[in-house]
Amino acid sequence: MSAPARKMVNVDLGPLAEKAEARVRAGDYPSVDEVVREGLRALEREEAMLDSMMPPIPEGDPEWDAYVRRKVQESLDDPRPSIPAAEVRRHLRELHEARVRRDG
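All residue numbers for the sequence shown refer to our numbering, where the first residue is 2 and numbers rise by one.
Derived from the structure by calculation, the hints contain no laboratory data. What you are looking at is a predicted structure, and each value in this text was computed from that prediction instead of being measured. Please note that the accuracy of each hint is not assured.
[Said to hold, decoys possible] The list that follows gives simulated cross-link-like pairs (lysine to any residue, SDA-like), each with its CA atoms no further than 20 Å apart: (1) 20 / 40; (2) 20 / 35; (3) 20 / 36; (4) 72 / 56; (5) 20 / 97; (6) 8 / 40; (7) 20 / 38; (8) 8 / 33; (9) 72 / 61; (10) 20 / 30; (11) 72 / 62; (12) 72 / 50; (13) 72 / 55; (14) 20 / 41; (15) 8 / 39; (16) 20 / 98; (17) 20 / 43; (18) 8 / 41; (19) 20 / 105; (20) 72 / 59; (21) 72 / 83; (22) 72 / 57; (23) 20 / 102; (24) 8 / 37; (25) 8 / 35; (26) 20 / 44; (27) 20 / 72; (28) 20 / 34; (29) 20 / 32; (30) 8 / 38; (31) 72 / 54; (32) 20 / 31; (33) 20 / 99.
Go ahead and model the full structure; you've got the sequences and the hints to work with.
Structure, rendered in structure tokens:
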């Protein structure tokens, strides 16, 4: 089996260029090219995850309304205890602060 064809693309990263270069300097990636490739792979994973969560039904379609109602009912029927909003906000703030410390 032959290797996939490679295509050279020129991209202006704007202010993100410094972040990409910092990741290379830190030894996280061998090159800015690899930082960009990993970013695209992460985008593909995120899109696949979102696609798996949402059915391909246009909003306004009666099937969409039924889907949303089912998901709401599943949530209401979930026996696990609710998480207080303050706890969720605290956890999200901690995640954000950790990411800022990591990425600058």
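Hint by hint, here is what the structure shows:
1. Restraint check for residue 20 and residue 40: satisfied, since their Cα atoms lie roughly 12 Å apart, inside the 20 Å limit.
2. With a C-alpha separation of about 13 Å, the suggested pair residue 20 and residue 35 falls inside the 20 Å cut-off, and the hint holds.
3. Using a Cα cut-off of 20 Å, the hinted pair residue 20 and residue 36 holds, with the two alpha carbons roughly 10 Å apart.
4. In summary, the hint linking residue 72 to residue 56 is supported, as the alpha carbons are separated by about 12 Å, within the 20 Å threshold.
5. For the given pair, residue 20 sits about 17 Å from residue 97 by alpha-carbon distance, which is consistent with the 20 Å threshold.
6. With a C-alpha separation of about 17 Å, the suggested pairing of residue 8 with residue 40 holds against the 20 Å cut-off.
7. Annotation: proposed proximity of residue 20 to residue 38 holds, straight-line Cα distance about 14 Å (limit 20 Å).
8. At roughly 16 Å between alpha-carbon atoms, residue 8 and residue 33 fall within 20 Å of each other, so this suggested pair holds.
9. At most 20 Å may separate the alpha-carbon atoms for a hinted pair to count; residue 72 and residue 61 meet this at roughly 16 Å.
10. At most 20 Å may separate the alpha-carbon atoms for a hinted pair to count; residue 20 and residue 30 meet this at roughly 12 Å.
11. For the proposed pair residue 72 and residue 62, the alpha carbon gap of about 16 Å is at most 20 Å, so the pair holds.
12. Restraint check for residue 72 and residue 50: satisfied, since their Cα atoms lie roughly 17 Å apart, inside the 20 Å limit.
13. The hinted pair formed by residue 72 and residue 55 meets the criterion: a straight-line CA distance of about 10 Å does not exceed 20 Å.
14. Taking the CA atoms of residue 20 and residue 41, the gap is about 15 Å. The hint holds against a cut of 20 Å.
15. Simply put, residue 8 and residue 39 have alpha-carbon atoms about 16 Å apart, close enough for the 20 Å limit, and the pair holds.
16. For a cut-off of 20 Å, the pair hint linking residue 20 to residue 98 stands: about 17 Å separates their Cα positions.
17. Taken as a hint, the residue 20 and residue 43 pair is honoured in the structure, with Cα atoms around 16 Å apart against an allowance of 20 Å.
18. Our distance criterion of 20 Å between C-alpha atoms is met by residue 8 and residue 41, whose separation comes to about 15 Å.
19. Under the criterion of a C-alpha separation no larger than 20 Å, the hint pairing residue 20 with residue 105 is consistent with the structure, at around 9 Å.
20. In summary, the hint linking residue 72 to residue 59 is supported, as the alpha carbons are separated by about 16 Å, within the 20 Å threshold.
21. At most 20 Å may separate the alpha-carbon atoms for a hinted pair to count; residue 72 and residue 83 meet this at roughly 16 Å.
22. The hinted pair formed by residue 72 and residue 57 meets the criterion: a straight-line CA distance of about 15 Å does not exceed 20 Å.
23. Restraint check for residue 20 and residue 102: satisfied, since their Cα atoms lie roughly 13 Å apart, inside the 20 Å limit.
24. Taking the CA atoms of residue 8 and residue 37, the gap is about 14 Å. The hint holds against a cut of 20 Å.
25. With a C-alpha separation of about 14 Å, the suggested pairing of residue 8 with residue 35 holds against the 20 Å cut-off.
26. Annotation: proposed proximity of residue 20 to residue 44 holds, straight-line Cα distance about 17 Å (limit 20 Å).
27. A threshold of 20 Å between alpha carbons decides the hint, and for residue 20 with residue 72 the separation of about 39 Å lies outside it, so the pair is violated.
28. Under the criterion of a C-alpha separation no larger than 20 Å, the hint pairing residue 20 with residue 34 is consistent with the structure, at around 13 Å.
29. Simply put, residue 20 and residue 32 have alpha-carbon atoms about 12 Å apart, close enough for the 20 Å limit, and the pair holds.
30. Restraint check for residue 8 and residue 38: satisfied, since their Cα atoms lie roughly 12 Å apart, inside the 20 Å limit.
31. Simply put, residue 72 and residue 54 have alpha-carbon atoms about 11 Å apart, close enough for the 20 Å limit, and the pair holds.
32. Taking the CA atoms of residue 20 and residue 31, the gap is near 14 Å; set against the 20 Å cutoff, the hint holds.
33. For the hint pairing residue 20 with residue 99, the CA-to-CA distance comes to about 16 Å; that is within 20 Å, so the pair holds.
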